[in-house]
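Chain by chain, the residues run as shown.
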Amino acid sequence: MSQINRLPSGARIDSSVAVKFTFNGKQLQGVAGDTLASALLANGVNVVGRSFKYSRPRGIVGHGAEEPNAIMQIGSGAGTVPNLKATQVELYEGLEAASVNGWPSVNFDLMSITGWFGRLMPPGFYYKTFMYPAKLWMTYEHFIRKAAGLGSSPVQDDPDSYDKLNQHCDLLVVGAGPAGLMAAREAARAGARVIIADEQSEFGGSLLASTQRIDGRSATGWVEEIVAELNAFANVQTLPRSTVFGYYDHNFLGILQRRTDHLVLRAAAGARQRLHRVRAKQVILATGAFERPLVFAHNDIPGVMQASSVSTYINRYGVAPGNRLLVFTTNDNAYQTAIDWHRTGRTVVAVIDSRAAPEGQLVAAARQLGIQIMAGHGVIEAQGGKRVKRALVAPLSADGSEITGAVQRLGCDLIACSGGWSPAIHLSSHTGAKPTWDQNIHGFRPGESKQQERSVGACGGSYALSACLAEGAAAGAEMAHLTGHGDGILHFPVPEAEEVQEQPQQALFLVPHTKATSRAPSQFVDMQLDVSASGIELAVREGFESVEHIKRYTAMGFGTDQGKLGNINGMAILANALGQSIQETGTTIFRPSYTPTTFGAIAGRDVGDLFDPERYTAMHRWHQDQGAEFEDVGQWKRPWYFPQSGESMLEAVNRECLAVRNSVGILDASTLGKIDIQGPDAAEFITRMYTNSYLKLAPGKCRYGVMLKEDGMIFDDGVCACIADNHYLMFTTTGGAAGVLAWLELWQQTEWPHLQVYFTSVTDHWATATISGPNARKVLAKVCDDIDLANNAFEFMDWRDGTVAGVDARVFRISFTGELTYEINVPAHYGRHIWEALIAAGEEFGITPYGTETMHVLRAEKGFIIVGQDTDGSMTPADMNMDWVVGKNKSFSFIGKRSLQRSDSVRENRKQLVGLKTVDGTQVLPEGAQVVFDPQQVIPMSMQGHVTSSYYSANMGHSIALAVVKGGHSRLGQIVHCPLADGRTIAAEIVSSVFYDSKGERQNVQ
Amino acid sequence: MLLIHCPYCREDREEEEFSYGGEAHIVRPLEPEALSDQEWGDYLFFRKNPRGIHHEMWYHQTGCRRYFYATRNTVSYEILETYMVGEKPQISAAEAGQ
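Quick note, the sequences are listed as chains A and B, same order. Each step along the first sequence adds one to the number in my numbering, with nothing skipped, and position 245 is 245. Each step along the second sequence adds one to the number in my numbering, with nothing skipped, and position 1 is 1.
Keep in mind that the hints were calculated from the coordinates and are not lab data. You may find that some hints are simply not true.
Calculated pairs, BS3-like style, for lysine-lysine (alpha carbon to alpha carbon, straight line, at most 30 Å) [what the hints assert, rightly or not]:
1) K88(B) with K966(A)
2) K888(A) with K917(A)
3) K48(B) with K897(A)
4) K862(A) with K917(A)
5) K696(A) with K450(A)
6) K48(B) with K434(A)
7) K48(B) with K450(A)
8) K782(A) with K897(A)
9) K386(A) with K88(B)
10) K48(B) with K709(A)
11) K888(A) with K696(A)
12) K709(A) with K88(B)
13) K386(A) with K20(A)
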């Protein structure tokens, strides 16, 4: 196929440079400067996709973000992108494009059979048909998605990189048409820092296809000059190919810049897309307007296009998408399309104007060229299969609501429509500004500003070129002044543009048919989602009144084009059906994103290894060298277990557990949160935060404490050591460290600012090697000679300053395993040194490195809880059988104390921590398993609790579990049951949560 | 994303640096044990949820780590003022005509 519709010239293309591409596997050729859409039209491609619901053939309608039909999958493999509009894809050599809908192909679509019974798929079809049985929804959905063709996401990792850039500016100008360019230039001249962004490949907006002249020059010539001037400013950043997709709170806007999508050798050119996160002092919205379609029967047949788009293809791209043009309009603008077409030498069949007596300047010009004008007429139906063949035209009443005479057939292959203009109010709408209907322009204007922004030019409802230029310039100067630049007054003349004398447009939102709307061939309002006028009226008959409900019921405006074309027609048809004004009916609210935004850009560099920070201890490399498996604990990488060759996880953990109980093990405990607390009121403050008292804790002593939230529920636990008078070191759980520090700061700063106490996180400052087991003292003694380690000299819950392997250390005699344990803290940089020294010293005792899994098993044998595993924010100390940790005689009512007396906290059947011993000791309960009392009970069973921790204990020779069970403390000895998802039910006996060494004598090694 | 003025840093900073602290000016009862369950429950759980002016706490978590107060319009998300702990708001719902 050759470029049968290519004209000798177009303003923004270079016909001498051929560009090859494929569409649905077929080799085609365009030229430099083309979009995919203009190239397809040049090649005479009619059908570019199939519609969502009825699978009707669809062609290109528009030339920009408003395009509803030409939705493409671009590229293949890992870099493929679905859901791009062909009108916004720049052509490059080797581009691969495919229609996203149409299966198996757009020209032979199996699904088109649904078009035959389209009347069986009314609005609300999915709600009505696929609600029940719910189980089948997945099947339906799969089928619908395949049929509807929403494109396919790449399944491989994205080979491209994406950037984010945080930016600040005085003024962000959105849109680089006449208004935006003037605004940016004026503000720049005043010295403001300006960013101007436009979604198109080059600046100029509507001027790129305009035949109007500015200051006596061609519009494109004027654009080139002003763009060159903007680029020369040091205080201006120009961003073409950059879509401002969202307008968020406090003048924060998101811009998606497509840096390399249009290049052949994309990868070599750096980040593919860049997300600009812009905080602007002031914003000027110069986003233009969308031409409004005309809604008539079968207005979706390929060959029905927007009039301004036809002009754009002719003037900008040198493409005449057809041979015999029929123009259908309600206003003067579309006469320009007839004139442009006439200049190409192709046939203008007629201009059909709904107005009775059009007399504007362009009308006269068309008439002078001999173009036939049929005033007071309308196109009531298009006919044809995969391309328009003819139009049915009829005279209309003065208000356009009725057909007043005989229908005639006019042969044509292109119908260019113009129903007036709709300001692109999307970004203003994002801010919460409520659009207001303006009867003069028959459109919604941006509502009252909610932020520091202003809409100028066509997006504010001013369509004349001269007005756009003047408004843009004035706004640029004023907004610059508001940011402290210039005096707000224009110091340069506004360029002069020819004024075109126009007559008012007519409001015509639905063209009548000889049959009633419900009987007429479909009159499409939203082509992407196949919403027709009759569907909207049906929804009203079914009782829907709110525009937001109608939107959701009919899906109008729900597509990737957000109904940029037909939404206003739909609102008007709805208002008419409800017997209301459009203002009363209102409009739906546009939300971000303005056009689809890629996940790649949103993710930026925060993928893979950079998705989340990883924290390593000072001994991390040693663990890696030993082949440790790691576990994520918060952002920390902690050794999980240290498998020896051929060992399974269970075998490794069993070996580690036995080693600790029988000789000695070593654990990297560096990740525990550590908060250094100092100040004259430190003890008083800590005592208010923990359930027990620290007022009499002497230097050299430690105490275990539990922290509650004010509701009495356990929030964190750990040991707190008195380092010196007015100086404490608080240990927190690994995952809770940041939250605990914030909690302390909250109370100190907001409730008790008079208490003199200061907090510093020292988690990363210390490395901690924990040696645990009956031989721990012997190991430590080999590398430490300045601490008296004797059992009665360095007692349980003491800490000492000393030297370990030549390094200053704090040694804590505390225990999470129940065995004799020393936690050796050294400045973090010495972590690996003392670790290796302890490993060497322990060699003769078979010192065994162990990970978090063994730590968990050993502490569970002892019934020690892990906050966040055995508790879930709804557990009091009493629930955990830990009343002993709650100080009964504290003078200050510590945080959470009062709540422990609340009626719910003292309720008898609260879930309480117990041990579970499976009747068959080889069976290990899954953590999270539900506990029931009666396994024969009919479903739904009464859940009585759940398993919080469960392991196989090599020391005990059977499995052990911790669980919270309603009233559990008074149920010792009872048998409970855990029904599992796989159908098994495991019986277990409720036992004490302390399985091992219930008297706590193990750590008391002489 | 909000732009928040930290009264301690005296700078406008991005919301990402802050975390929300809930309703401001809730004073902990001096004698919790003297309160009934209902009175204590009111202190613990009941919070205003106004449409409009709201005094709330923010925490400059990745900045100066200070808690401070903000007067924010919950409809427009406009932050009308921020002020330090111990200070009183200049704007109240009554003054704002709500």
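> Within a Cα-Cα threshold of 30 Å, do K48(B) and K897(A) meet the stated pairing?
Replying inline: Holds. K48(B) to K897(A) sits at ~24 Å (cutoff 30 Å).
>> Tell me if the straight-line CA distance from K696(A) to K450(A) falls inside 30 Å.
In response: Given pair K696(A), K450(A) is violated - Cα atoms ~58 Å apart, limit 30 Å.
> Does the structure keep K386(A) and K20(A) at a Cα separation of 30 Å or less?
Replying inline: holds, 25 Å
>> Next pair to validate is K88(B) with K966(A); report whether the Cα-Cα distance is within 30 Å.
In response: violated, 47 Å
>> Can you confirm whether the C-alpha distance between K48(B) and K434(A) stays at or below 30 Å?
In response: holds, 27 Å
> Is K862(A) close enough to K917(A), meaning Cα to Cα at most 30 Å?
Replying inline: holds, 14 Å
> Keeping to a limit of 30 Å between CA atoms, is the pair of K888(A) and K696(A) held or broken?
Replying inline: With a Cα-Cα distance of about 15 Å, the restraint between K888(A) and K696(A) holds, given a limit of 30 Å.
> Is the hinted pair K386(A) and K88(B) satisfied, with a Cα-Cα distance of at most 30 Å?
Replying inline: Violated. K386(A) to K88(B) sits at ~71 Å, over the 30 Å cutoff.
> Do the alpha carbons of K888(A) and K917(A) lie within 30 Å of each other, as the hint requires?
Replying inline: Not satisfied, since the Cα-Cα distance of roughly 33 Å exceeds 30 Å.
>> For a C-alpha distance cap of 30 Å, please report whether K782(A) and K897(A) respect it.
In response: violated, 46 Å
> Has the given pair, K48(B) with K709(A), been kept, meaning a C-alpha gap of at most 30 Å?
Replying inline: Since the Cα atoms of K48(B) and K709(A) sit roughly 20 Å apart, the hinted pair holds (cutoff 30 Å).
> Is the hinted pair K48(B) and K450(A) satisfied, with a Cα-Cα distance of at most 30 Å?
Replying inline: Since the Cα atoms of K48(B) and K450(A) sit roughly 25 Å apart, the hinted pair holds (cutoff 30 Å).
The structure shown violates the earlier hints numbered 1, 2, 5, 8 and 9.
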